[in-house]
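Novice: Each chain is listed here by its residues.
Number of protein chains: 2
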Amino acid sequence: MACHRLDGFLVVARENIFYLNGFSGDDSWLLITAEREILITDFRFQEQADANLPPECEVSLRSRKSLSAKTAELCRKLSLKKIGFEERYLSYHKFHLLKKALKSRELRPAGDLVEVLRMIKDPEEIDLLRRSARMTTRVLSMAMKGLTSAMTESDLAGRVNIGLLRDGGRSAFPPIVAVGARSSQPHAIASCHHLEEENILLIDLGAESEAYNSDMTRTFVLGNFPRKFKTIYRAVLGAQKKAIRSIRLGVPASLIDGAARGYLEERGYGSYFGHSLGHGVGLEVHERPVISSRSRDIIKKGMVFTVEPGVYIPGWGGIRIEDTVLVTENGYEILTEYPKDLESMVIKRNLKR
Amino acid sequence: MACHRLDGFLVVARENIFYLNGFSGDDSWLLITAEREILITDFRFQEQADANLPPECEVSLRSRKSLSAKTAELCRKLSLKKIGFEERYLSYHKFHLLKKALKSRELRPAGDLVEVLRMIKDPEEIDLLRRSARMTTRVLSMAMKGLTSAMTESDLAGRVNIGLLRDGGRSAFPPIVAVGARSSQPHAIASCHHLEEENILLIDLGAESEAYNSDMTRTFVLGNFPRKFKTIYRAVLGAQKKAIRSIRLGVPASLIDGAARGYLEERGYGSYFGHSLGHGVGLEVHERPVISSRSRDIIKKGMVFTVEPGVYIPGWGGIRIEDTVLVTENGYEILTEYPKDLESMVIKRNLKR
Chain A
149 MACHRLDGFL
159 VVARENIFYL
169 NGFSGDDSWL
179 LITAEREILI
189 TDFRFQEQAD
199 ANLPPECEVS
209 LRSRKSLSAK
219 TAELCRKLSL
229 KKIGFEERYL
239 SYHKFHLLKK
249 ALKSRELRPA
259 GDLVEVLRMI
269 KDPEEIDLLR
279 RSARMTTRVL
289 SMAMKGLTSA
299 MTESDLAGRV
309 NIGLLRDGGR
319 SAFPPIVAVG
329 ARSSQPHAIA
339 SCHHLEEENI
349 LLIDLGAESE
359 AYNSDMTRTF
369 VLGNFPRKFK
379 TIYRAVLGAQ
389 KKAIRSIRLG
399 VPASLIDGAA
409 RGYLEERGYG
419 SYFGHSLGHG
429 VGLEVHERPV
439 ISSRSRDIIK
449 KGMVFTVEPG
459 VYIPGWGGIR
469 IEDTVLVTEN
479 GYEILTEYPK
489 DLESMVIKRN
499 LKR
Chain B
149 MACHRLDGFL
159 VVARENIFYL
169 NGFSGDDSWL
179 LITAEREILI
189 TDFRFQEQAD
199 ANLPPECEVS
209 LRSRKSLSAK
219 TAELCRKLSL
229 KKIGFEERYL
239 SYHKFHLLKK
249 ALKSRELRPA
259 GDLVEVLRMI
269 KDPEEIDLLR
279 RSARMTTRVL
289 SMAMKGLTSA
299 MTESDLAGRV
309 NIGLLRDGGR
319 SAFPPIVAVG
329 ARSSQPHAIA
339 SCHHLEEENI
349 LLIDLGAESE
359 AYNSDMTRTF
369 VLGNFPRKFK
379 TIYRAVLGAQ
389 KKAIRSIRLG
399 VPASLIDGAA
409 RGYLEERGYG
419 SYFGHSLGHG
429 VGLEVHERPV
439 ISSRSRDIIK
449 KGMVFTVEPG
459 VYIPGWGGIR
469 IEDTVLVTEN
479 GYEILTEYPK
489 DLESMVIKRN
499 LKR
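First to last, the protein sequences are chains A and B.
First residue of the first sequence: 149, per my numbering; consecutive thereafter.
First residue of the second sequence: 149, per my numbering; consecutive thereafter.
Only true hints are included.
The calculated label-pair distances, taken between Cβ atoms and stated as ranges, are: (1) D489(B) - S252(A): 52 to 58 Å; (2) T379(B) - S252(A): 47 to 53 Å; (3) D270(A) - V494(B): 45 to 51 Å; (4) E344(A) - H342(B): 43 to 49 Å; (5) D175(B) - I446(A): 22 to 28 Å; (6) G316(A) - G170(B): 31 to 37 Å; (7) M290(B) - E481(A): 40 to 46 Å; (8) K378(A) - S252(B): 52 to 58 Å; (9) A150(A) - S211(B): 38 to 44 Å; (10) C340(B) - R375(A): 50 to 56 Å; (11) S339(A) - E481(B): 31 to 37 Å; (12) M290(B) - I446(A): 50 to 56 Å; (13) E481(B) - T296(A): 37 to 43 Å.
Simulated pairs of lysine-lysine, DSS-like, Cα-Cα distance not exceeding 25 Å: (14) K248(B) - K248(A); (15) K251(A) - K242(B); (16) K213(B) - K229(B).
Derived by calculation from the structure, the hints in this document are not laboratory data.
All figures in this text were calculated on a predicted structure; none of them were measured in a lab.
Yeah, the Cβ is synthetic: ideal placement off N, Cα and C, and Gly gets one too.
Chain A extracted, bound-state conformation (with noise of 0.2 Å):
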């Protein structure tokens, strides 16, 4: 805030609400001043905030009044001059609303304050990410174990749906589970299309565990693998092998990107990788750093991130090989430990009906 010459900064993203404070509720908002951090709610959540926040943290409701309105008046009340405000969350509409009740009061996009704090997990986040990624693993596991050659790719998401509410967390986004050709949309939903029909089988997953998430996608072949599927899995894993090794304090993230990237153009699938490698995961599952070719985020002691190739041959279907990395001291540990050689991923035709 002193960087940005603020008197205020005012939290609009929910999850960094829930970052600086615990609190979880709705169309809330998180004024900060140099003294005072003060909870801008309404009635329905006043108990949770009573409960769950720290002493520090006021409470103020805004009763029949906007939030706009009862913001714009805690800011005159203490006399803010300044304030900053998180300009990817505030929407252009709430933004005019409330400029218009500050009145002469200054209101500057402040950039992602929060986010850059939340880039570097401490030890209880990495505990708690780590039993997220665990879960993911395990429910995976699970779900591949009952597998049957009659079910569909929605019969699929839906075990392991179920598997993470078993396990005490949930989806952290629908799975996306593609069979056959289906696999080459990166973001295929899961549809009725039957396992039986196809070789290959890709799945992408997640489990949000107290607040936390993970990712991990990993591709099947079903009964005998053609020549092709062979080549190109040996390809993302190399890629993926050669990018997580390139992990080191202090390296750019899109140096971690190119290292993935120049493998693959250099076997011919270059054109075929058209996302980035990766994105910061915590409690967002799409949050920052940034792990791309044009990414400006620096490789730092904490991060969590997935390293996630893939190949993507429209007609023929995709391989993506995806994994939650955490930045240690030394280089990096895989969260997400699931088997990924070819070997591991051939799961036998004779599947019972």
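Use these hints to put chain B onto chain A, whose structure you have.
Specialist: Leaving out everything else, chain B in the frame of chain A:
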């Protein structure tokens, strides 16, 4: 668009895009002009777009360009001068990126054009909403059958989540399960409180089934109910019935809210009913129309919304009764058919452990 004198309208809300053309990918915008409809998306959603979009909707891939840059390029090619956008959904940040990319072209907030269309459900949507509501009531019935006094709020929420998945849907929102005094928090988070320790059991749940949502709350009493429960329950139920009976074509939504609020005020509970009476339900759990004292929406045929009065007494508990209701030619149809008379709310104390 003609009213607003726009050459183009940019749809940025995911649900609005889905409503218009069935596309459900992320990070995509839809540009509409008098003649054309262009989905601006990227590689990840290309196949999904090709497979799902109606033939009149074109697809424009942004490749390595940002959404704003690609949109500006299209606006230039189509010689659009005034472009409307959805100010409630576009962030301040993206607005500025787009404005910069558009240079001298005018970018103006154009309100909730699509949300207004979405308020009136067509027969196909009503069918889906009815199915979603039936799933909700069916799953609550099943969850309540297996109740044991050793269960916690979280256990019961888990049963609801799993039940909805098994039934082919999923939770539209994390179910609210709150026992005893915790039920006075309208948005309580299911915790490890045991059922057996308390008298009141409030459950607020909803299915999402084929993209359409439903929303229902019931408040049960465990064992012999205190006189206070009986009195307040009857007041809330009376208020809900009065509000529902006041639904008819052409009436202001604020009047429906007023019917319930007035009923509770007459009985001395006005100050314990701190939220608005209801909200529209459709592709989102909360959408237009707004059913509150300040709403300007007018009741029309095909609207679907909740009617959910509640009385919340801190330290004692809360009672809320909520149904999802469809507006018909001659009045209304309650979609969430689940018993709510006082007698049906009693759960015997001798639950098996």
